[in-house]
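There are 2 protein chains.
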Amino acid sequence: MNRDLKQLRQDAIEIFNAGLKPVDPATAIRRFVDLDGEVLTVADRAYSLADYENLILIGFGKACAAMARALEAVLGGAIRKGAINVKDGHSLPLKVVQIQEAGHPVPNQAGVAGTRKIIQLLEESGERDLVLCVISGGGSALLPYPAQGLTLQDKQQVTRLLLECGATIHEINAIRKHLSRVKGGRLARLVYPSTLVSLILSDVVGDDLDSIASGPTVPDRSTFDDCLKILNRYDLVARVPENVLAILKQGAAGVIAETPKEGDPAFEKTQNVIIGSNALAVSAARDKAGELGYTSLVLSTLIEGETREVAKVHAAVAKEIRLSGNPVSPPACVISGGETTVTIRGKGLGGRNQEFVLAAAIDIDGLDRVVVLSAGTDGTDGPTDAAGALADGNTVSEGRGKGLDAEQFLRENDSYNYFRRIDSLLITGPTYTNVMDLRLILVA
Amino acid sequence: MNRDLKQLRQDAIEIFNAGLKPVDPATAIRRFVDLDGEVLTVADRAYSLADYENLILIGFGKACAAMARALEAVLGGAIRKGAINVKDGHSLPLKVVQIQEAGHPVPNQAGVAGTRKIIQLLEESGERDLVLCVISGGGSALLPYPAQGLTLQDKQQVTRLLLECGATIHEINAIRKHLSRVKGGRLARLVYPSTLVSLILSDVVGDDLDSIASGPTVPDRSTFDDCLKILNRYDLVARVPENVLAILKQGAAGVIAETPKEGDPAFEKTQNVIIGSNALAVSAARDKAGELGYTSLVLSTLIEGETREVAKVHAAVAKEIRLSGNPVSPPACVISGGETTVTIRGKGLGGRNQEFVLAAAIDIDGLDRVVVLSAGTDGTDGPTDAAGALADGNTVSEGRGKGLDAEQFLRENDSYNYFRRIDSLLITGPTYTNVMDLRLILVA
Numbered sequence: 001m002n003r004d005l006k007q008l009r010q011d012a013i014e015i016f017n018a019g020l021k022p023v024d025p026a027t028a029i030r031r032f033v034d035l036d037g038e039v040l041t042v043a044d045r046a047y048s049l050a051d052y053e054n055l056i057l058i059g060f061g062k063a064c065a066a067m068a069r070a071l072e073a074v075l076g077g078a079i080r081k082g083a084i085n086v087k088d089g090h091s092l093p094l095k096v097v098q099i100q101e102a103g104h105p106v107p108n109q110a111g112v113a114g115t116r117k118i119i120q121l122l123e124e125s126g127e128r129d130l131v132l133c134v135i136s137g138g139g140s141a142l143l144p145y146p147a148q149g150l151t152l153q154d155k156q157q158v159t160r161l162l163l164e165c166g167a168t169i170h171e172i173n174a175i176r177k178h179l180s181r182v183k184g185g186r187l188a189r190l191v192y193p194s195t196l197v198s199l200i201l202s203d204v205v206g207d208d209l210d211s212i213a214s215g216p217t218v219p220d221r222s223t224f225d226d227c228l229k230i231l232n233r234y235d236l237v238a239r240v241p242e243n244v245l246a247i248l249k250q251g252a253a254g255v256i257a258e259t260p261k262e263g264d265p266a267f268e269k270t271q272n273v274i275i276g277s278n279a280l281a282v283s284a285a286r287d288k289a290g291e292l293g294y295t296s297l298v299l300s301t302l303i304e305g306e307t308r309e310v311a312k313v314h315a316a317v318a319k320e321i322r323l324s325g326n327p328v329s330p331p332a333c334v335i336s337g338g339e340t341t342v343t344i345r346g347k348g349l350g351g352r353n354q355e356f357v358l359a360a361a362i363d364i365d366g367l368d369r370v371v372v373l374s375a376g377t378d379g380t381d382g383p384t385d386a387a388g389a390l391a392d393g394n395t396v397s398e399g400r401g402k403g404l405d406a407e408q409f410l411r412e413n414d415s416y417n418y419f420r421r422i423d424s425l426l427i428t429g430p431t432y433t434n435v436m437d438l439r440l441i442l443v444a
Numbered sequence: 001m002n003r004d005l006k007q008l009r010q011d012a013i014e015i016f017n018a019g020l021k022p023v024d025p026a027t028a029i030r031r032f033v034d035l036d037g038e039v040l041t042v043a044d045r046a047y048s049l050a051d052y053e054n055l056i057l058i059g060f061g062k063a064c065a066a067m068a069r070a071l072e073a074v075l076g077g078a079i080r081k082g083a084i085n086v087k088d089g090h091s092l093p094l095k096v097v098q099i100q101e102a103g104h105p106v107p108n109q110a111g112v113a114g115t116r117k118i119i120q121l122l123e124e125s126g127e128r129d130l131v132l133c134v135i136s137g138g139g140s141a142l143l144p145y146p147a148q149g150l151t152l153q154d155k156q157q158v159t160r161l162l163l164e165c166g167a168t169i170h171e172i173n174a175i176r177k178h179l180s181r182v183k184g185g186r187l188a189r190l191v192y193p194s195t196l197v198s199l200i201l202s203d204v205v206g207d208d209l210d211s212i213a214s215g216p217t218v219p220d221r222s223t224f225d226d227c228l229k230i231l232n233r234y235d236l237v238a239r240v241p242e243n244v245l246a247i248l249k250q251g252a253a254g255v256i257a258e259t260p261k262e263g264d265p266a267f268e269k270t271q272n273v274i275i276g277s278n279a280l281a282v283s284a285a286r287d288k289a290g291e292l293g294y295t296s297l298v299l300s301t302l303i304e305g306e307t308r309e310v311a312k313v314h315a316a317v318a319k320e321i322r323l324s325g326n327p328v329s330p331p332a333c334v335i336s337g338g339e340t341t342v343t344i345r346g347k348g349l350g351g352r353n354q355e356f357v358l359a360a361a362i363d364i365d366g367l368d369r370v371v372v373l374s375a376g377t378d379g380t381d382g383p384t385d386a387a388g389a390l391a392d393g394n395t396v397s398e399g400r401g402k403g404l405d406a407e408q409f410l411r412e413n414d415s416y417n418y419f420r421r422i423d424s425l426l427i428t429g430p431t432y433t434n435v436m437d438l439r440l441i442l443v444a
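Going down the list, the sequences are from chains R and U.
Just so you know, our numbering puts 282 at position 282 of the first sequence, and the rest follows in order with no gaps.
Just so you know, our numbering puts 67 at position 67 of the second sequence, and the rest follows in order with no gaps.
You can take every hint at face value.
Pairs of lysine-lysine residues, derived as BS3-like cross-links and limited to a Cα-Cα distance of at most 27 Å, are as follows: (1) K261/R to K155/R; (2) K81/R to K95/R; (3) K6/U to K319/U; (4) K288/R to K319/U; (5) K21/U to K319/R; (6) K261/U to K229/U; (7) K319/R to K6/R; (8) K319/R to K319/U; (9) K261/U to K117/U; (10) K6/U to K288/U; (11) K269/R to K117/R; (12) K402/R to K229/U; (13) K95/U to K21/U; (14) K249/U to K261/U; (15) K319/R to K288/U; (16) K347/R to K402/R; (17) K117/U to K155/U; (18) K21/R to K319/U; (19) K6/R to K288/R; (20) K261/R to K229/R; (21) K229/R to K402/U.
Derived coverage of chain U by chain R (criterion: at least 3 residues anywhere in the stretch with Cβ under 8 Å from a Cβ of chain R; other residues may be distant): (22) 293-301; (23) 324-331.
Hint data in this document are derived by calculation from the structure and do not stem from the laboratory.
Ideal Cβ placement from N, Cα and C applies to all residues, glycine included.
Can you build the whole structure from these sequences, using the hints too?
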């Protein structure tokens, strides 16, 4: 099979697009939710609408307008009322459900107002109501509701302090959950005694329900005691805002209720369903690669780590394929998912996907018939209008021909401007979904 | 197949040991060198010893005493004389060849003295002599011979300045070669008009002959002009020692001869043979894994990058195998080779292999029936007496039980002390070979 670079690039884009299909909110909702007469089926459970007085829709997250719209389409007039929080500018026309636009990634007062509206709906509902909740990436920032006596700024300051100390994401989440009135399973308790069905588009490596949007509808495994230990571990007791420490201490003393745990009655009336995930996108991408004649290999859907180092490992795999036919023979498509991080040292413009592709381009410089693509499934990568970028073995020399030094652009975290200048950005516009990133290596 | 952890660990060690076999210097020499009566065969070429007056053996590198010993065994009394430079303490008893112990990784005057001895042998030899040269990792530091008017310290200072500026290894090598009287093909020219056969144990990712031991027996692609450009690029013109700048300028002006290039007559009488490489070790490890019932997958023999980030990618593959059977179904053995780097931030004791295993251990914490092994094929990892270490899903909790915080040890680059305390170091002693590292992930 002789595939030129242009064809390889087209194939890479086609494989990426195929990956988006099953995680499109409308497709994903329709796969798991079906209404047949009075019977609402969600995954493996059936709900007879005759048993419920009201069907209420709530939600939060970057993709949740599209999820709500799909539910309105599937359920027709059955939804009585609803309210969702979406990111600024991410509204879509809905029939019944009210939309509140709010700040993301930094939560704002509009978010708090929207959360109040959601809670008000829940307060009006009772044992014979059914609450559908759509959750997607960004749901944590888009459902802000600090504990009594706290401000958004207090929570942000604690998060910042923890990040600076090198606390793990689990430690940070434990404290966040205990400073919120809706996270860590508390939303499920607010829904109770209504029945709750959560439809979740996962943007978290490993699809840990506890982590997606800070787990508002699942049991929390952490405690107020854990939170105080974490502050001690990082010497933060004297550095966090006083009211934060007061709340954690009151919680540990039993004055404020713990987050709900496994066995809480609220969870007996809760169904959590992951309707879309990175693994699903990766699987669809693999199928498409096979259709196009590539031997495909899924490296992992759980890739994390510093972007440029992760890129080196991917490039090493590409080079090995060319050298020895390991781990798979050409024409080959290696696929990985998950989400990497970027330690920003420069002043340029870019995102983790574009940085991945630039770092990989440097490593595969001069290699024949190899194409690398990395892009965010939500269609945005960092603060840019691109979803990601493409590169091949000529990318570095192409830049050099235009006076661009790829290494220098990488040092400056300026991948966007590099790929813009050589016309290799991948621009998709908003995809209305969000299941982290896809990375593709094609070797013909 | 039900394999408990103890069995998995034993299998990992057996697979690692199998990887060492084909790169053992004696085995590797015997595979490529054969003497049948008067006919000496080296790889695909035959030399009739009747055509030569003297057979001379030279060499440098950490493994070259064992290589020389193997050649003495294969060639019997045919070797007339010889001299090699080895690392302090790495001598082995030889019959004819003289051994000079020298400094490594920092070259010293003993190394210069040994190099002089080698050059003297070459000066005494002529058109009808055959020179066998054994080269292995560490050969660059173990063949020090600065250009006229330079000291070892001058060269080291330039290298340090270049490293600090973030120059690439190719840029550093270009300058090193032009400040040496033996690197960058110059040794081949010193051998000329004798015939030269170089037997090389590669310790370089990708086995680039130009890079192994600074390519003393291969054409150099860089020039004095390049060297001046590199100094300019990093603003080092005014910062390097004056005599260094003087030599590079004289070279660029044609006063000092260039390093020999492709087409130089010396290379027409030169045969370079890689007798052992990381790929060979990886391939043998794969065969052994197959024998033991694992489905094996070679990820890449070209792995580079920051150790703890590379470990994250390997751990993500391990988790994916458990989760979905991708990229290979259990019982699986994923193998990778190459050599990673460690940015030292802490004050602990360790090496890249032990750090890899500690970082991976944190990521696979709690995972069932998974074992990770990483070790240097030379039997030493960093400034420790261990070759590497082993870990499994219990490694972090085992440490915790002894009051050890794995994350804290990783932050301190103190992997050696972590694994020592939980008795999971891999200690092999010197293996007398050196083809970088092997990493194994076993998932049962």
